[in-house]
Structures are given as structure tokens and as C-alpha cells.
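Engineer: Take a look at the letters that make up each chain.
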Amino acid sequence: MKKILTFLTFLIIITSGISKAHSIEADVFVQSTVNRAAKTLGGNLSKEERVEKLKDIARDTVDINGIGFYSLGAHRKNLTEDQLSEYKKVFAEYFLKSFSSRLAEYSNPEIEVDSKKVINKNYTIVSSTLVSTESRPKVKIEWRVYTKDPDNLLIRDLIIEGLSLARTQKEEFSSIINSNDGKIEALLKNLSDFAAK
Amino acid sequence: MLSSNVSAGTDGENSISKGKKPVKDCFESLNRVTFALNQGLDRVIFEPVAKAYRVLPSPIRTGTSNALVNISSLVTIPNNILQGDFKKAGINTGRFLVNTTVGVVGIFDVAERIGFSEYEKEDYGQTLGVMGVAEGCYLVLPVLGPSTVRDAAGSFINVLGGDPWYNASVNGNNEYLSDTAYLATRVLAGIDFRAKNIDSFENLEKNSMDFYASIRSLYLQDRQQKIMNSKVTTEAMDDGDWEEIESQ
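Just so you know, the protein sequences line up as chains A and B, in that order.
To convert, note that position 130 of the first sequence is 130 in the working numbering; the numbers rise steadily by one, no gaps.
To convert, note that position 68 of the second sequence is 68 in the working numbering; the numbers rise steadily by one, no gaps.
Take these hints with a grain of salt, some might be off.
[To be verified] Simulated coverage check for chain A against chain B, where a stretch passes if three residues somewhere in it have a Cβ under 8 Å from a Cβ of chain B:
1. 62-72
2. 78-90
[What the hints assert, rightly or not] Heads up, simulated DSSO-like pairs for lysine-lysine below, C-alpha to C-alpha not over 27 Å straight-line:
3. B:Lys206 x A:Lys55
4. A:Lys140 x B:Lys121
5. A:Lys183 x B:Lys51
6. A:Lys189 x B:Lys24
7. A:Lys47 x A:Lys116
8. A:Lys88 x A:Lys197
9. A:Lys138 x B:Lys121
10. A:Lys138 x B:Lys24
11. A:Lys183 x B:Lys121
12. B:Lys87 x B:Lys24
[Said to hold, decoys possible] Here are the in silico distance ranges between beta carbons for each label pair:
13. A:Glu49 x B:Ile45: 31 to 41 Å
14. B:Leu41 x A:Lys121: 14 to 24 Å
15. B:Gly161 x A:Asn152: 30 to 40 Å
Calculated from the structure, these hints are not laboratory results.
Idealized CB from N, CA, C, for every residue including glycine.
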């Protein structure tokens with residue numbers, strides 16, 4: 001359960017970013033992303049300003065569409081063009097709201113990039129450590145970086161102590177769709193409701 | 001918390017690793033009821049107690065946590081052996097001896113300070129997994145929370161003689177320990193766990209559309225990682241679905 005704990009805690013530290021860099025290495029990209037987020041979280045901004053800054057960082061460095069498609073799992077193959085278009089819109093709103101509000105509560109996480117492992121031409125996994133403080137132990141965080149376009153690296157997943165954020169979201173979405181007779185409309189409504197609250 | 005149109009009745013399959021059959025949530029309707037019951041108990045009992053526990057001075061909480069971890073190694077060691085990991089069994093035995101004596105019944109983690117490697121808990125559910133026993137259906141147990149048929153069976157092994165602490169306190173014929181001592185350590189372990197995660201659970205619940213499904217996913221991913229004893233996260237993950245995603 002320790003991993004679950006740390007995962008839950010560091011859903012918090014998730015998405016942040018830097019301006020799009022050109023042909024930089026995945027580990028440098030992640031470190032810069034973390035630094036940019038830390039600067040935002042550590043600054044003297046109001047909560048609303050933090051939220052907006054964090055949303056900007058996420059738009060710059062996270063593959064929101066890619067995570068959205070992944071989160072749909074097999075259901076993405078059954079969507080009409082209109083449904084897909086609607087899904088992309090509401091998912092982006094949901095994603096930005098969810099992660100900016102989670103992050104905005106916290107201040108100045110210190111993350112050190114340790115190593116990287118190239119999985120294939122499309123993916124590199126960057127390993128990092130969230131430095132321990134008096135109130136929590138160190139936490140291992142891995143970043144799945146989409147490297148297909150070397151000039152536009154994007155984060156697709158965070159794996160915290162072995163627990164994948166994207167996979168958890170995918171299984172949550174699947175549960176919602178299956179609970180409603182396989183209807184994507186149920187998921188769209190949940191996403192819209194969440195973004196609006 | 002849960003959206004109104006998120007309800008029981010999914011086919012509840014969670015695919016969490018390479019080439020593995022997904023774990024079925026065969027009793028989802030019942031599990032969701034039990035989950036709701038557990039949440040109710042949590043709000044009324046466990047969360048308030050955990051919040052009170054958090055007010056205790058840090059050294060007291062750390063010492064309590066260390067002592068509970070030390071007791072847990074009594075189950076970890078036989079499982080290291082059953083999994084064929086004799087080296088770790090030796091290390092954990094050394095750790096237990098050092099911490100129980102020099103560390104005053106485990107209150108001080110002396111073993112860590114003198115360079116013992118990081119402690120990894122093992123249990124009979126994990127050992128069954130290592131032996132190739134499948135998870136069976138996903139379960140939510142009253143009070144105890146998420147589990148699977150295999151992990152629940154593993155827990156029974158503890159009370160059937162697999163846990164030396166249980167044997168000594170509940171079945172042991174001595175004047176120092178009783179079933180109350182065993183129960184107290186279990187309750188304390190639960191409170192300690194809950195206290196460490198109050199903010200995290202609150203945050204996850206607040207940001208989940210289906211909290212039940214999120215917890216189920218996290219539990220199953222965690223168990224898979226533990227059974228594989230993998231240091232490389234991606235070894236336990238199926239990249240196939242990611243490879244299909246084109247967004248650039």
C-alpha cells in the first residue's frame with residue numbers, strides 16, 4: 001500500500017512544463033518542466049493565478065489529446081467523428097481543471113532527474129526522484145515522454161512508485177462507460193460536469 | 001463524490017500487465033456497496049482518529065510506524081523463503097534481530113542507519129502470485145478494503161499459522177501477549193496508514209469521477225508491481241495501447 005500512498009500524494013506533482021524546446025533530450029525536457037512548475041508553485045501568486053499558469057504549462061508540455069485517446073481505451077474505436085470532436089473538447093477542459101487544481105494546493109516540489117531509458121523511437125522513460133522532506137519520504141517518479149517529434153517533446157504519463165496515472169484514468173473512464181451500457185455520452189457528461197464544478 | 005450516473009454493473013476488467021488476463025470485478029455491485037460502507041466507517045471513525053493521531057509528536061508516530069514495520073517482517077521473512085529469495089530472508093532476519101534488540105522492539109530503525117538495504121514488505125498473497133496463482137476476482141472487504149480472492153486467501157494463511165506474531169499473541173501461552181495485543185497492532189497499523197494519507201485520499205476523491213474505479217486500478221497495479229518485484233516500471237506495463245496513439 002505504500003506505493004498507493006505515494007501515488008496518491010503525487011498525483012499532486014503531476015503536470016508542469018517548459019516552453020517547447022527544440023531537439024532537447026527527454027531528461028533535460030523533464031527537468032526544465034519541473035523547474036518551471038516549481039517556479040510557479042513557489043512564487044507569490046494567488047491561487048487563481050497559479051491555476052492559470054499551470055494550465056499554460058500543461059498546454060505547452062503535455063500531450064493532452066494523446067492522453068485523452070489513451071484514456072478511452074478500446075472505446076475510442078467506436079466513436080463517431082462528432083463524438084470524438086466533443087470528447088477532445090471536454091477532455092481538455094477536464095484535464096486542465098483536474099491537474100491545475102491538484103497542483104495549485106502545493107508549493108515548491110523539488111524533483112531531481114536521475115536517468116533516462118529510450119524505449120523506442122516514440123518513447124523515452126525519464127526517471128526522477130522527488131526529494132524527501134520532514135513530512136514525507138522520497139518518491140520515485142517516472143515520466144513517459146513522447147519523442148516522435150524531437151522538436152516537440154510531450155509528456156504522456158507519470159508513473160509514481162510504479163503506478164501509472166494514465167492507466168488509472170483509463171480504467172476510471174472505462175468503468176463509467178461500462179456502467180452506462182457502453183454509452184460514451186455518460187463519460188462526456190461526467191467530464192463536462194467535472195470541468196464545470 | 002460519485003457522479004449519479006456512475007453505478008454498479010460494469011464488466012469491470014482491469015488489464016494491468018503484459019500478456020495477463022484482466023482481473024474481473026465479478027462482484028462489482030456488492031463491492032461498491034462494501035466500498036460505500038467502508039467510506040462511511042472511514043468518515044465516522046478512521047479519519048477522525050487518524051487526524052487525532054497526526055497531532056501526536058513526530059517521534060512518537062515514527063517510532064510507532066517503525067515498530068509496526070518491524071512486526072511485519074515476521075511475515076515477510078517466511079515469504080522471502082517461499083519465494084526462493086534466501087538472501088533477502090537473511091537480510092530481513094538480521095534487520096529484525098537488530099531492530100528488536102538494539103532498536104528497542106523496533107521503535108528505532110537502527111538497521112537502516114547501519115546500512116541495511118531498503119525494506120520491502122512481502123505477504124502470502126504476493127507469494128501465491130509469484131507461484132503463478134491468478135488473482136481471481138477483485139474484492140472489497142468490509143473494513144479491510146481492496147483485495148482479490150488470491151490476496152484474501154493469502155491473508156487467511158496469516159491466521160492459519162503463517163504469522164508468528166499472530167501465533168505468539170493469540171495462540172501463545174504466555175502472560176505478556178494476548179489477542180488484544182495482536183488486535184491493537186492491526187488497528188494501529190490501519191490508523192498509521194490512514195494518517196499518512198489523509199491529504200492524498202482527499203485529493204484523489206475530490207478529483208475522481210469514479211473513486212471506486214480509481215482505487216481498484218491503483219490497488220491492482222500496486223499488487224502487480226509487488227509480485228513482479230520489478231525495479232523497472234515499464235517491465236510490468238503493456239506499451240501496446242500507447243503505440244496506437246497518434247496525436248502528432
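Engineer: All the hints need checking, so say for each whether the structure fits it.
Structural biologist: Going down the list of hints, with the structure as the test:
| no. | hint | verdict |
| --- | --- | --- |
| 1 | 62-72 | holds (count 5) |
| 2 | 78-90 | violated (count 0) |
| 3 | B:Lys206 x A:Lys55 | holds (18 Å) |
| 4 | A:Lys140 x B:Lys121 | holds (17 Å) |
| 5 | A:Lys183 x B:Lys51 | violated (40 Å) |
| 6 | A:Lys189 x B:Lys24 | holds (26 Å) |
| 7 | A:Lys47 x A:Lys116 | violated (33 Å) |
| 8 | A:Lys88 x A:Lys197 | holds (19 Å) |
| 9 | A:Lys138 x B:Lys121 | holds (17 Å) |
| 10 | A:Lys138 x B:Lys24 | violated (33 Å) |
| 11 | A:Lys183 x B:Lys121 | violated (41 Å) |
| 12 | B:Lys87 x B:Lys24 | violated (35 Å) |
| 13 | A:Glu49 x B:Ile45: 31 to 41 Å | holds (39 Å) |
| 14 | B:Leu41 x A:Lys121: 14 to 24 Å | violated (50 Å) |
| 15 | B:Gly161 x A:Asn152: 30 to 40 Å | violated (59 Å) |
Hints 2, 5, 7, 10, 11, 12, 14 and 15 from the list above are not met by this structure, while the remaining hints are.
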